[in-house]
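Protein chains in written order, with the numbering used here: chain A, 1 to 288; chain B, 1001 to 1220.
Hints in this document: simulated from the structure, not taken from any laboratory.
Be a bit skeptical, because a hint or two may be false.
[To be verified] Pulled a few chain B residues facing chain A out of the computed Cβ check, cut under 7 angstroms:
#1 I1073
#2 P1074
#3 R1077
#4 R1078
#5 L1090
#6 R1093
#7 R1104
#8 I1105
#9 G1186
[Said to hold, decoys possible] Here are some of the chain A residues that sit facing chain B, going by a computed Cβ distance under 8 angstroms:
#10 E199
#11 Y203
#12 L206
#13 A208
#14 T209
#15 F212
#16 N249
#17 F251
#18 P252
#19 I286
#20 Y288
All C-beta atoms, glycine included, are put in the ideal place defined by N, C-alpha and C.
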Amino acid sequence: MYAFRLAKQSILHEKWINLLSILTITAGLLFTSLTILSVYNLDVATKKLPEKFSMMLYMKDGSSQEELEDIINTAKKDPAVEKVKYIPKDEALKEFKATFKDTQFVLDGVGGNPLPDSIEVKLKNEAVTPGTARKLTEQLNKMKGIDEIEYGEKFLSSIYSLKVGMQTVSIIFVIIMSAGMIFVCYSTVKILFYRKKREIETYKLLGATKAFIRAPFIIEGAAIGFSSGILSLIGILLLYYVVIFRLINIFPLFKAIIFPVSISLFLPIAGILIGILGAAIAIGRIRY
Amino acid sequence: MINFQEVTKHYHNHTALRKITFSIEKGEMAFVTGLSGSGKTTLLKLIYLAERPDEGTITVAGWEINKLRGKSIPILRRSVGVVFQDFRLLNNRNVYDNVALALRIRGMKDRELKSRVFDSLKIVNLRHRADSYPDALSGGEQQRIAIARAIVSEPAIILADEPTGNVDPDTSAGIIRTFKDINTRGATILIATHNRELFRNTGRRVLKLDKGNFVGEETV
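Only chain A is shown next, with the shape it has when bound in the complex (with noise of 0.2 angstroms):
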């Protein structure tokens, strides 16, 4: 309980410093928040994408029923396979049908039956990746009948490198906002150590344990994070129930934004760890 009094006798004798050191990591917090709402918006967005994707292989016109069975064994037993669709090109001429029975004009200057036999193949979820694609089609266009493999190479691997990207970028700007956020908290601890160098020396001459000297550091650290996590969350709900919804009538576009409130909960608690990581860091080895 001292040690809780010793710390809030700091912080409000010692207010400008702190509250300094509460708004940048406030600042922070709400970019780093920010910037990991976006990445994961955007995975969202691209996990859909894989229940979507599947490769087409054109068959060439007279290839025989076993060079047919053939790729379809070899596509089944790839463990990146989920599901293998044989198309008949009949079939496939039905669909077309279907698809364009509104535009009969289409379908009038269509004589007999041009689209081939066809195999549609779908990979699992997780294997939906251009690697994996890339490979499978290498492996495919080796074997008799296949004519043409389509699925969307340049989409695939945009939208991957895109993911790949905004997240390996993300995590290094988390990377650096952290340790930026822990560097504020070290810094300001550190000057109040430094201030209270007589006070902390006579402690240790009355005989007061490690544990004793630091508690009242550890617990103004742990006190300016998590004021900064209450700070940035009250943030983040303004940002999202004030800008955002009324952004939402403007520009129905963003309804697509998912904003997971509950995440941002997490904010105090960040903000916590990062303030005593910062203090125990800025306190270092007490030596007697």
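Let chain A serve as the given structure and place chain B on it in line with the hints.
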């Protein structure tokens, strides 16, 4: 209670203490005297481990303190009450909190320490200044607060470095009477002073230092 065997302490090129050997018995009250720079403060610092000896061995309350490291140091210091030459009072805390600090460091709860703090302040006749801050006190009053802080935890050993350096003769006599009272309750007391008047006719043992050398002892 306190035993020095051939203890030497150097500061850079200067030898503060040279092969000092003496003993203070349990429950004894003794003085160590000498001119400024004779090594009195260094001798006390070696006892509460603010300094470490370069040679020789020191035993305090059964602890061979040359070997003490880490967690054992605060334990030793809690069995020693020190009246520092510069008092080491905390100016941002009132008299009550300054004295209570010695007990809080020992983990005592607020409700338990109140009576002990006031008892200590009563012994040094400063109970009425409990709410004052050190800056508002005279040098003599600050010194008495430092004494109150040293005795409040009832340590086995009390060390006082020039405890009457800032007070008038009457207050000095009062302080010595206080130490004698504490001594009768069983505490071992070692007082460093250059003021010969302080120990005259006390009937106590006086250890004499001169330029870091032990030059004898007498009972006055």
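Hints, verified against the model:
The beta carbon of B:I1073 is positioned within 7 angstroms of a beta carbon in chain A (closest approach about 4 angstroms), and the interface hint is therefore held. Taken as an interface hint, B:P1074 checks out: its beta carbon lies about 5 angstroms from the nearest beta carbon of chain A, inside 7 angstroms. With a least beta-carbon distance of about 4 angstroms to chain A, the hint placing B:R1077 at the interface is held under the 7 angstroms criterion. A least Cβ separation of about 4 angstroms between B:R1078 and chain A falls short of the 7 angstroms threshold, and the interface hint therefore holds.
A hinted interface residue such as B:L1090 counts as satisfied when its beta carbon comes closer than 7 angstroms to some beta carbon of chain A; here the least separation is about 6 angstroms, so the hint holds. Taking 7 angstroms as the C-beta contact cut-off toward chain A, the hint placing B:R1093 at the interface is violated, the least distance being around 9 angstroms. Hint status for B:R1104: holds, given a least beta-carbon distance of 5 angstroms to chain A, under 7 angstroms. Using the Cβ-Cβ criterion of 7 angstroms, the hint placing B:I1105 at the interface with chain A is satisfied: the shortest such distance is roughly 5 angstroms.
Taking 7 angstroms as the C-beta contact cut-off toward chain A, the hint placing B:G1186 at the interface is violated, the least distance being around 20 angstroms. Taking 8 angstroms as the C-beta contact cut-off toward chain B, the hint placing A:E199 at the interface holds, the least distance being around 6 angstroms. Interface restraint check: A:Y203 against chain B, minimum CB-CB distance 7 angstroms, threshold 8 angstroms, status holds. With a least beta-carbon distance of about 5 angstroms to chain B, the hint placing A:L206 at the interface is held under the 8 angstroms criterion.
Here the hint on A:A208 is kept, as its CB sits about 5 angstroms from the closest CB of chain B, short of 8 angstroms. Here the hint on A:T209 is kept, as its CB sits about 5 angstroms from the closest CB of chain B, short of 8 angstroms. Among the interface hints, the one on A:F212 holds; its C-beta lies about 6 angstroms from the nearest C-beta in chain B, closer than the 8 angstroms criterion. Taken as an interface hint, A:N249 does not check out: its beta carbon lies about 55 angstroms from the nearest beta carbon of chain B, beyond 8 angstroms.
About 56 angstroms separates the beta-carbon of A:F251 from the nearest beta-carbon of chain B, more than 8 angstroms, and the hint is not met. With a least beta-carbon distance of about 59 angstroms to chain B, the hint placing A:P252 at the interface is violated under the 8 angstroms criterion. Checking A:I286 against chain B by beta carbon gives a least distance of about 10 angstroms; that is not within 8 angstroms, so the hint is violated. Residue-level restraint check for A:Y288 holds (minimum Cβ-Cβ distance to chain B is 4 angstroms; threshold 8 angstroms).
The structure shown violates the earlier hints numbered 6, 9, 16, 17, 18, 19.
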